[in-house]
Structure formats: C-alpha cells, structure tokens
Amino acid sequence: MPAVSIKNLRKTYESGAQALKGVDLTVEEGEFFALLGPNGAGKTTLIAILSGLALKSEGAVRVFDASIDEDPNLAKTYIGLVPQEFNFNIFEKVIDIVTTQAGYYGIPHTVALKDAEPILKVLDLWEKRDQKAMALSGGMKRRLMIARALIHHPRLLLLDEPTAGVDVELRRSMWDFLRERNAAGTTIILTTHYLEEAEQLCKRVAIINHGQIVVNEPTSDLIKRHGDQRLEDIFISLIQKDAQTNV
Amino acid sequence: MSPSRIATAYFTLVRKEVIRMTRIWSQTFLPSVITMSLYYAIFGTFIGSQIAPTDGFSYIQFIVPGLVMMAVITNAYSNVVSAFFGAKFQRNLEELMVSPTPAWVIVAGFASGGVLRGLIVGVLVLLTSLFFTHLVIYNLFIIMAAALLTCILFSLAGLLNGLFAKTFDAVSIVPTFVLTPLTYLGGVFYSVNRLPPFWRELSFFNPILYIVNLFRYGFLGISDVPVIESFALLSALTVALLVLLLVLFKRGVGLKS
Ligand SMILES: Nc1ncnc2c1ncn2[C@@H]1O[C@H](COP(=O)(O)OP(=O)(O)O)[C@@H](O)[C@H]1O
Ligand SMILES: [Mg+2]
Numbered sequence: 000m001p002a003v004s005i006k007n008l009r010k011t012y013e014s015g016a017q018a019l020k021g022v023d024l025t026v027e028e029g030e031f032f033a034l035l036g037p038n039g040a041g042k043t044t045l046i047a048i049l050s051g052l053a054l055k056s057e058g059a060v061r062v063f064d065a066s067i068d069e070d071p072n073l074a075k076t077y078i079g080l081v082p083q084e085f086n087f088n089i090f091e092k093v094i095d096i097v098t099t100q101a102g103y104y105g106i107p108h109t110v111a112l113k114d115a116e117p118i119l120k121v122l123d124l125w126e127k128r129d130q131k132a133m134a135l136s137g138g139m140k141r142r143l144m145i146a147r148a149l150i151h152h153p154r155l156l157l158l159d160e161p162t163a164g165v166d167v168e169l170r171r172s173m174w175d176f177l178r179e180r181n182a183a184g185t186t187i188i189l190t191t192h193y194l195e196e197a198e199q200l201c202k203r204v205a206i207i208n209h210g211q212i213v214v215n216e217p218t219s220d221l222i223k224r225h226g227d228q229r230l231e232d233i234f235i236s237l238i239q240k241d242a243q244t245n246v
Numbered sequence: 000m001s002p003s004r005i006a007t008a009y010f011t012l013v014r015k016e017v018i019r020m021t022r023i024w025s026q027t028f029l030p031s032v033i034t035m036s037l038y039y040a041i042f043g044t045f046i047g048s049q050i051a052p053t054d055g056f057s058y059i060q061f062i063v064p065g066l067v068m069m070a071v072i073t074n075a076y077s078n079v080v081s082a083f084f085g086a087k088f089q090r091n092l093e094e095l096m097v098s099p100t101p102a103w104v105i106v107a108g109f110a111s112g113g114v115l116r117g118l119i120v121g122v123l124v125l126l127t128s129l130f131f132t133h134l135v136i137y138n139l140f141i142i143m144a145a146a147l148l149t150c151i152l153f154s155l156a157g158l159l160n161g162l163f164a165k166t167f168d169a170v171s172i173v174p175t176f177v178l179t180p181l182t183y184l185g186g187v188f189y190s191v192n193r194l195p196p197f198w199r200e201l202s203f204f205n206p207i208l209y210i211v212n213l214f215r216y217g218f219l220g221i222s223d224v225p226v227i228e229s230f231a232l233l234s235a236l237t238v239a240l241l242v243l244l245l246v247l248f249k250r251g252v253g254l255k256s
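In order, the protein sequence lines correspond to chains A and B.
Per numbering that gives the first Met the number 0, the very first residue in the first sequence carries number 0; after that it's consecutive.
Per numbering that gives the first Met the number 0, the very first residue in the second sequence carries number 0; after that it's consecutive.
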C-alpha cells in the first residue's frame, strides 16, 4: 500500500489561480521523497491539500488506507506536518506547543509530556522547553515545528521547505536527523528549493512546475540520464524545456 | 477518534482557553466588573433613587438582572470571537486543522471557553451588585438555565463571527453596532410595557428582550414576555446556530482556501 497516492489532483483558488493542473503522484511507504520546484509551482498547495488545510477542486487523494474525502480524520492521524511558515503561538512555551498538539490527536497530557522529552532532546530543544517560542532562534523555531509534527508518531512526515533560512551546519544536522527517522520507518516527503538537499537525502524526486509534475524518477536515474550534470543544472534545463514546450 | 481521544482533544482545547483568559484577566474578567459597578452606582443608586418602584422592586433591583445578562452576553461573545479569530489570524488554528479532532469538538471547545468566561463574569458582576442592593431570587433553576443557554448562544454567535472575520475590525463590529444597541434597547433599563405602542411592538422583534426578561423573571418573578416563549426562542436560536456552524465547519467555509 502506498503512503500517498494522488490522482488527477487539481486546485483552482478562488482568485482563479490554477495551482495544480492534474497531478498524479505515488509515494511508497518508507520512501524519502523530494518534491522540487520553483516558487509558485504548487508545492505548498499540494502539501496543504494532503494535510487538510486546503480543499481540492478535483481528483483523488489517499494517505495509506484513508481517502481524504471519505475518512479525512483517519488520514490526518497518519500525517505529521512541518509547514513552510511558522504557525505556532509565539506566546506559548515550547513544551506547551508540543503537548497541546498531542492533545489534539487525543494523546493525554501526561503521556505527551513523556513522549516530548526524547523528541525535544534529539532536536536540541529540551533545555528551552520552558521558554516562550518567541525567544527561540530561527533554527530552533524550525526544529520546534519538527518536534510538534512528530509528537503523535506519524507514519508520514511532510516537510515544506524545512531548511529555509537555516545555517549550513544546522541544516546538515537536520538532514542526519531526518535520515535516521526515515531509516526507522517514517515515510518522508520534503519540498525544497535547496537542490543539494534532494540530492543528498532522497532516492526519488519529482519536479513540479506550473502545477504539473514534469519529472518523477529515482534521483540516480535522473542524474545518469543527464550525464554528470549537477541536479541544479538539470533542474534549470528541465524548467527551461518545459517553458519552451508551453509557448 | 475513540471517545477517550475525543475527550482528550476537547479538554486540551478548553484547558488552552482557560489558560488564555486567565493570563489576560485584566482584559477578560475586570472590564465588565468595572463598567457594571458604574452602572449600578449611577443608574441604580444616583438616578434610580428618584425613580418609582416597578412591581414593588426598587429601580436598582429591576436593572441588576439585565446588567448581569449584558455582561454575560458580551463576554461570551467576545471571548470566542477573539480567541478564534486570533488563532486564525496567527495561523495556529492550523495546529487544530491538521489534527483529527472532529469539527463538532472544535466548535464545542471554543464555545466552552465562551461559556466559562460568560458564567464567571456573570457571577462576578452579580456579586458586585451586592455592594449596591440585596439579592432576590425567585427561581434559581430559571436563572441558571437562562444564563447557560445565553452563554452557549452567544459563544456560538461569536464563533460564527470569527469564522467570517477577515480583519480585527470585523471582530468588534458586531459587538459595537449590533449587540450593544440591542441590549440597551432590550429592556435592561425599563419595562417595555411603559413604551408607546409602536416602540413596544418593535421591541418584541429584539431577541435580547426575551433573554433579559427571562433572566429577570428568575430573580424577581416579573417579565414583559411569557417565560415559555423566551425559552423556546433561546433554544431555537441556539440549535439553528449550532447546525449552521457544524455545516460550515465541515465544509471548511472561512477556514480552508
Ligand atoms: N491562498 C491562495 N489564494 C490564491 N492563490 C494562491 C494561494 N496560495 C497559493 N496561491 C497560488 O498558487 C500557486 C502555487 O502556490 P504555492 O503552492 O504556494 O507554490 P510553492 O509552494 O511551490 O511556492 C501560486 O501561483 C500562488 O500564487
Ligand atoms: Mg511553498
């Protein structure tokens, strides 16, 4: 059973903007999958529909055995979301943000407190647990959102540009952390515009542009086909080709 | 979600609301106590002493139930509208929306915050009135039922407002331009039976009139409208609003783009 299966997904915003124009995508359980694309390609929209934050216009989406139409709340129990923008209450303490999120999944406070400790420790936030979120640095805020997303032990972790604005050293430690999570069995879908990130982390990559998937294959195949070009160069040439065929 | 998980999600929401309203107590609990003390002093004591008794009750005794209800209504309403819109505006409502907490539990959780605040402020304002007059209780059950139903109704109304609000201005429009005028004209300060026929008839279209009179009936045993009608109206409005909200939440109106 795939972790995510998306068929003919379309999204037109009320403004008329067509963010997704018939996306088909399957992500197998256990994969570490990268969704790459320039700004405005539709990455955040796709993540938002998967996680229940936005309504789709057309298409079918399944998360493991749950259809987001028929059993949206079951689908939500499988997903942990790290959104692109900070969206926690900055006046709340780190520990409260994490345990409140657990509560929304039905995890009792005492259990959540126990579960939070190892997660906050490995993300280097344990010492900060009684501080208000506004007192955290940018990198810590990112890691707080990861901790919050993991508190209910999701089978699928969605990360929307998780390392944007994070310094190199921290980015590498975050990569290690995500690799470990993936090795431990969590399926991960990550959107990024750091192409090196996809190359480093993900065995499979899809490139999305103007709301359409233009490439979807193992990262190594993509690189093989394009000789020894760096992913970044491949990316640029693909997008240009796509732009030309659209003219 | 299993019933025990649903209960956990509900109490998480309520707990968060209680923490929020107690943290900002000077904005949540204090203002109504001060405003109503002024009403008691000025209208009740200074001016009221010159007004003839109504049905054997002094003027301040007549206005206390309406003033308490005024505080209950505004506090229940504004608690929910500001908590909900605040969460939507800062986007931490997304923490709830990505979770499997069912829509009706979200509605119940936010409404419970408003009910708690309405009841707490109601009790505080009622206790404050003891500095100005003594308490008369005609029927405790009616008092409690009316207070609870009113809290639920206006908490739900506040939630509806928060759902559609796009700016902070939209949060204060209804309280300022609808709730306050309707409450002032809802028989808090006078019996509508003393009004000229046109104004009297018009007043019967004001739902808050029924609420104020119901509450006053619980304390004094007098009302301008039949108690049953008031209960029926209050219950019907509450159910209608609840159904509307559940439909809107399920569809994601005002929540999801
Ligand atoms: N809430 C919204 N209302 C209207 N248009 C939107 C909204 N969110 C995104 N869009 C539009 O949809 C397209 C895809 O945006 P998005 O999914 O954020 O892309 P990405 O995350 O890849 O940068 C863009 O053209 C964007 O302007
Ligand atoms: Mg984005």
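In case anyone wonders, no lab produced these hints; they're calculated from the structure.
Cβ atoms here follow ideal geometry from the backbone N, Cα and C, with glycine treated the same way.
Mixed in with the good hints, there may be bad ones.
To be verified - Chain B stretches covered by chain A per the calculated footprint, using a threshold of three residues with CB under 8 Å from any CB of chain A:
# : segment
1 : 98-107
2 : 120-128
3 : 140-148
4 : 174-183
What the hints assert, rightly or not - Beyond 10 Å from chain B on every Cβ pair, some chain A residues (computed):
# : residue
5 : Ile94
6 : Gly102
7 : Phe176
Claimed, not checked - With a Cα cut of at most 30 Å, we get these calculated DSSO-like pairs of lysine-lysine:
#  : chain 1 : residue 1 : chain 2 : residue 2
8  : A       : Lys6      : B       : Lys165
9  : B       : Lys165    : A       : Lys131
10 : B       : Lys249    : A       : Lys127
11 : A       : Lys223    : B       : Lys87
Comparing the hints with the structure gives:
Coverage of the segment 98-107 of chain B by chain A holds. Counting CB-CB distances below 8 Å, 4 residues qualify, and the rule asks for three or more. Coverage of the segment 120-128 of chain B by chain A is violated. Counting CB-CB distances below 8 Å, 0 residues qualify, and the rule asks for three or more. Counting residues of the segment 140-148 of chain B whose beta-carbon sits less than 8 Å from any beta-carbon of chain A gives 0, not enough to reach three: the coverage restraint is violated. Figure legend: the segment 174-183 of chain B, annotated as covered by chain A; annotation inconsistent (0 residues with Cβ-Cβ distances under 8 Å, at least 3 required).
With a minimum CB-CB distance of about 13 Å to chain B, Ile94 of chain A clears the 10 Å threshold, and the non-interface call stands. Under the 10 Å C-beta cut-off, the non-interface status given to Gly102 of chain A relative to chain B is violated; the minimum distance is some 3 Å. With a cut of 10 Å on Cβ distances, Phe176 of chain A stays outside the contact zone with chain B, its closest approach being about 21 Å. Of the supplied pair hints, the one linking Lys6 of chain A and Lys165 of chain B is violated, its CA atoms being roughly 33 Å apart against a limit of 30 Å.
Restraint check for Lys165 of chain B and Lys131 of chain A: the C-alpha separation of about 27 Å stays at or below 30 Å, so the hint holds. Between Lys249 of chain B and Lys127 of chain A the CA atoms are separated by roughly 37 Å; this puts the pair beyond 30 Å, and the hint is violated. With a C-alpha separation of about 46 Å, the suggested pair Lys223 of chain A and Lys87 of chain B falls outside the 30 Å cut-off, and the hint is violated.
Of the numbered hints given earlier, the model fails hints 2, 3, 4, 6, 8, 10 and 11; all others are met.
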